[in-house]
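> So the protein lines, in turn, are chains A and B.
First residue of the first sequence: 159, per my numbering; consecutive thereafter.
First residue of the second sequence: 332, per my numbering; consecutive thereafter.
It cannot be assumed that every hint is accurate.
Unchecked claim - Ranges between beta-carbon positions, derived for each pair:
#: 1; chain 1: B; residue 1: Arg539; chain 2: A; residue 2: Val161; range: 41 to 47 Å
#: 2; chain 1: B; residue 1: Pro547; chain 2: A; residue 2: Asn281; range: 20 to 26 Å
#: 3; chain 1: B; residue 1: Ser465; chain 2: A; residue 2: Ile210; range: 24 to 30 Å
#: 4; chain 1: B; residue 1: Gly532; chain 2: A; residue 2: Leu384; range: 53 to 59 Å
#: 5; chain 1: A; residue 1: Glu332; chain 2: B; residue 2: Pro366; range: 44 to 50 Å
#: 6; chain 1: B; residue 1: Arg370; chain 2: A; residue 2: Pro267; range: 36 to 42 Å
#: 7; chain 1: B; residue 1: Pro547; chain 2: A; residue 2: Leu268; range: 45 to 51 Å
#: 8; chain 1: B; residue 1: Met546; chain 2: A; residue 2: Leu374; range: 38 to 44 Å
#: 9; chain 1: A; residue 1: Phe264; chain 2: B; residue 2: Arg539; range: 49 to 55 Å
As the list claims (entries may be wrong) - Covered stretches of chain B, as calculated for chain A (at least 3 residues, CB under 8 Å):
#: 10; stretch: 472-479
#: 11; stretch: 483-490
#: 12; stretch: 562-570
#: 13; stretch: 606-616
Hints in this document: simulated from the structure, not taken from any laboratory.
Cβ atoms here follow ideal geometry from the backbone N, Cα and C, with glycine treated the same way.
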Amino acid sequence: MGVATLFAVSIIIFSSMELLPGDFGQAILGQAATEDTVAAFRRELGLDQPAIVRYGQWLTAVLQGDLGTSFSGRNASGVDRSREVVDLVAPRLRNTLFLASMAALFAIPLSLVLGISTALYRNSVYDRSISMTTLTAISFPEFFVAYILILFLSSLSSVFPSLANVDADTQFGERVYRVALPALTLTLVIVAHMMRMTRAAIINLLASPYIQMARLSGASPTEVILKHALPNAWAPIATVIAFNLAYLVVGVVVVEVVFVYPGIGQLMVDAVARRDIPVVQGCALIFAMTYILLNLIADIIGIVTNPRLLYPK
Amino acid sequence: MKIKTNIYSALGEVSSVYDRRSIWTRSLISLRKAPYTARFGMVIIFGYMLVAIFAPILAPYGEAQVFPKPYAPWSSDYIFGTDQIGRDIFSRMIYGARNTVGIAVATTILAFLIGGVLGLAAAINRSWLDQVLSRSVDVLMAIPSLIFALVLLSIFGSTVSNLIIIIAVLDSTRVYRLTRAVSLNVVVMDYVEAARLRGEGLGWIMRREILPNIMPPLIAEFGLRFCFVFLTIAALSFLGIGIQPPTADWGSMVRENASLIMFAQYDLKAGLTPLLPAAAIALLTVAINFVVDWFLHKTSGLRDDQ
Numbered sequence: 159m160g161v162a163t164l165f166a167v168s169i170i171i172f173s174s175m176e177l178l179p180g181d182f183g184q185a186i187l188g189q190a191a192t193e194d195t196v197a198a199f200r201r202e203l204g205l206d207q208p209a210i211v212r213y214g215q216w217l218t219a220v221l222q223g224d225l226g227t228s229f230s231g232r233n234a235s236g237v238d239r240s241r242e243v244v245d246l247v248a249p250r251l252r253n254t255l256f257l258a259s260m261a262a263l264f265a266i267p268l269s270l271v272l273g274i275s276t277a278l279y280r281n282s283v284y285d286r287s288i289s290m291t292t293l294t295a296i297s298f299p300e301f302f303v304a305y306i307l308i309l310f311l312s313s314l315s316s317v318f319p320s321l322a323n324v325d326a327d328t329q330f331g332e333r334v335y336r337v338a339l340p341a342l343t344l345t346l347v348i349v350a351h352m353m354r355m356t357r358a359a360i361i362n363l364l365a366s367p368y369i370q371m372a373r374l375s376g377a378s379p380t381e382v383i384l385k386h387a388l389p390n391a392w393a394p395i396a397t398v399i400a401f402n403l404a405y406l407v408v409g410v411v412v413v414e415v416v417f418v419y420p421g422i423g424q425l426m427v428d429a430v431a432r433r434d435i436p437v438v439q440g441c442a443l444i445f446a447m448t449y450i451l452l453n454l455i456a457d458i459i460g461i462v463t464n465p466r467l468l469y470p471k
Numbered sequence: 332m333k334i335k336t337n338i339y340s341a342l343g344e345v346s347s348v349y350d351r352r353s354i355w356t357r358s359l360i361s362l363r364k365a366p367y368t369a370r371f372g373m374v375i376i377f378g379y380m381l382v383a384i385f386a387p388i389l390a391p392y393g394e395a396q397v398f399p400k401p402y403a404p405w406s407s408d409y410i411f412g413t414d415q416i417g418r419d420i421f422s423r424m425i426y427g428a429r430n431t432v433g434i435a436v437a438t439t440i441l442a443f444l445i446g447g448v449l450g451l452a453a454a455i456n457r458s459w460l461d462q463v464l465s466r467s468v469d470v471l472m473a474i475p476s477l478i479f480a481l482v483l484l485s486i487f488g489s490t491v492s493n494l495i496i497i498i499a500v501l502d503s504t505r506v507y508r509l510t511r512a513v514s515l516n517v518v519v520m521d522y523v524e525a526a527r528l529r530g531e532g533l534g535w536i537m538r539r540e541i542l543p544n545i546m547p548p549l550i551a552e553f554g555l556r557f558c559f560v561f562l563t564i565a566a567l568s569f570l571g572i573g574i575q576p577p578t579a580d581w582g583s584m585v586r587e588n589a590s591l592i593m594f595a596q597y598d599l600k601a602g603l604t605p606l607l608p609a610a611a612i613a614l615l616t617v618a619i620n621f622v623v624d625w626f627l628h629k630t631s632g633l634r635d636d637q
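Bound conformation, chain A alone (with noise of 0.2 Å):
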């Protein structure tokens, strides 16, 4: 299923540079561009054979690592000085993976805390104001997190650095201490989302008749939820870790941008703001498979914690 998609995906991915307007090789080139120059691009890119060719070779060649050459760096007199999108996109990859994975680290444990808790407290104050703010939380766009972040942290106290430019030479302390901001906007917007999915799938389970069993029989309310309602409150947890994580793939576009942190996201919002349609194929290639693989893992986390759902009835 998951492949099928993945297919399905890099069709439509694929089919995006045949729905670019009429002749872009000129528009590309510039003006002063001759015509044996861009026939000669239009050569190189393919666009003289048919579509379905041309998609089989893209393909093989992203399937060895290949997502082929921007469109920047070429110009009228014929020049290339484009280079590979892969060369652009690795490096880049590389640091937005970082920036991805402090966050979850923050914001996983946290919100698994705090859905916990806000189960077993359920309707106490604590629980109101809690739901309250995420709630509040979840409504914000990701800019105004970030920029209250700034307005706080950096430029009335300056506590953390407002840029988290790093390059490939800066020291993991380093580069923890400059990522800390965009890490913390990050954690806040998805610790509301998963915080809030947690709580409903443990106050859902909260429902079942064995856990009025367990009740009966005498257990505190910690034991029934720790030791009743949690191993079997895995698997929808699981989905909604795994749900969040692929969200933070999204978010950490807007995030990058605000932070002017050489991430994917950023290259992919330039490209598009270029139109330089292989990067932006590049960019979005790597974005759908982390979110279709994010969500297969949490369908395998689901039937290892619960293997009934193996067979449906």
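We have chain A already, so just place chain B on it with the hints.
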């Protein structure tokens, strides 16, 4: 019309006819019972609507009127100062209510038209149509919508109509899923079967038999979808590929004035300027969420415990 409760007479009960409460009385009664959060939300939404409608009257200056004073501080002339090329920020915020919210509303309505009609059609005609539509929606939903929107915008270019169509199509997948799911329960009812035997067409069954019965979840979803669309458009404009200047829009205003935030330690007001449009976005989404929460609570036990 009052029935005397201390004496019972069958004649009295039969003869005193209750007025049927009009829809206004009924909504007024439920409004009076609404919690404070929902009332707060409704007041805010109403305020935004007023500002959007009367924008040209309320705004002191024009939307793209340029003054020779870029980055002017807050003053009585320019309430929130001016931006990087000298446009009055307060006026642009007011016009922004019209542009940003207007585009988001148009997108949401379009998304509901597409998703709702297709979802109903798939639920009624459960053959190849349902299969084709559901599988293609699965594929579309496999790509994160912001990323997909970025790809499509890079192909078609960022004009307002493209923006509306692209986001509406991407969002209609969620509407489709919901409409199909809720109407599947209604389609199997006997009265739908009766209408079909009567020889009513697809359009009639959709509008007169099923739609009235799936309204509450759809209305709630409309609110939530609107928030989502609104945030997506704001994010795209913030990234510089949504609504293009000189149209005033909250997302792009945040980006244009973002550098001011670093001056907060010298002049707090200047530092707050880029946050104002962002706060306007946040306030509206919070307000809508409050109202939707209350509405869901009222119409059904759905999401009661979340």
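> Residue count check for the stretch 562-570 of chain B against chain A: does it reach three with CB-CB under 8 Å?
holds (count 5)
> Within 49 to 55 Å: is that where the Cβ-Cβ distance between Phe264 of chain A and Arg539 of chain B falls?
Distance hint for Phe264 of chain A, Arg539 of chain B holds at roughly 53 Å.
> Cβ-Cβ distance between Met546 of chain B and Leu374 of chain A: within 38 to 44 Å?
41 Å, holds
> Are three or more residues of the stretch 606-616 of chain B within 8 Å, CB to CB, of chain A?
This one holds; 6 residues, not fewer than the three required, reach chain A with a Cβ under 8 Å.
> Starting from the range 53 to 59 Å, see whether the pair Gly532 of chain B and Leu384 of chain A falls in it by beta-carbon distance.
57 Å, holds
> Could you tell me whether the CB distance from Pro547 of chain B to Asn281 of chain A stays inside 20 to 26 Å?
25 Å, holds
> The stretch 472-479 of chain B covered by chain A? Criterion: 3 or more residues, Cβ-Cβ distance below 8 Å.
Answer holds; 7 residues pass the 8 Å Cβ test.
> Take the C-beta atom of Glu332 of chain A and the C-beta atom of Pro366 of chain B, compute their distance, and say whether it sits inside 44 to 50 Å.
49 Å, holds
> Could one say that the CB atoms of Arg370 of chain B and Pro267 of chain A fall in the range 36 to 42 Å?
37 Å, holds
> Starting from the hint 45 to 51 Å, judge whether the C-beta atoms of Pro547 of chain B and Leu268 of chain A obey it.
35 Å, violated
> Take the stretch 483-490 of chain B, compare each residue's beta carbon with every beta carbon of chain A, and decide whether three or more fall closer than 8 Å.
holds (count 6)
> The hint says 41 to 47 Å between Arg539 of chain B and Val161 of chain A; measuring C-beta to C-beta, is that right?
Distance hint for Arg539 of chain B, Val161 of chain A holds at roughly 44 Å.
In this structure, the one hint that does not hold is number 7.
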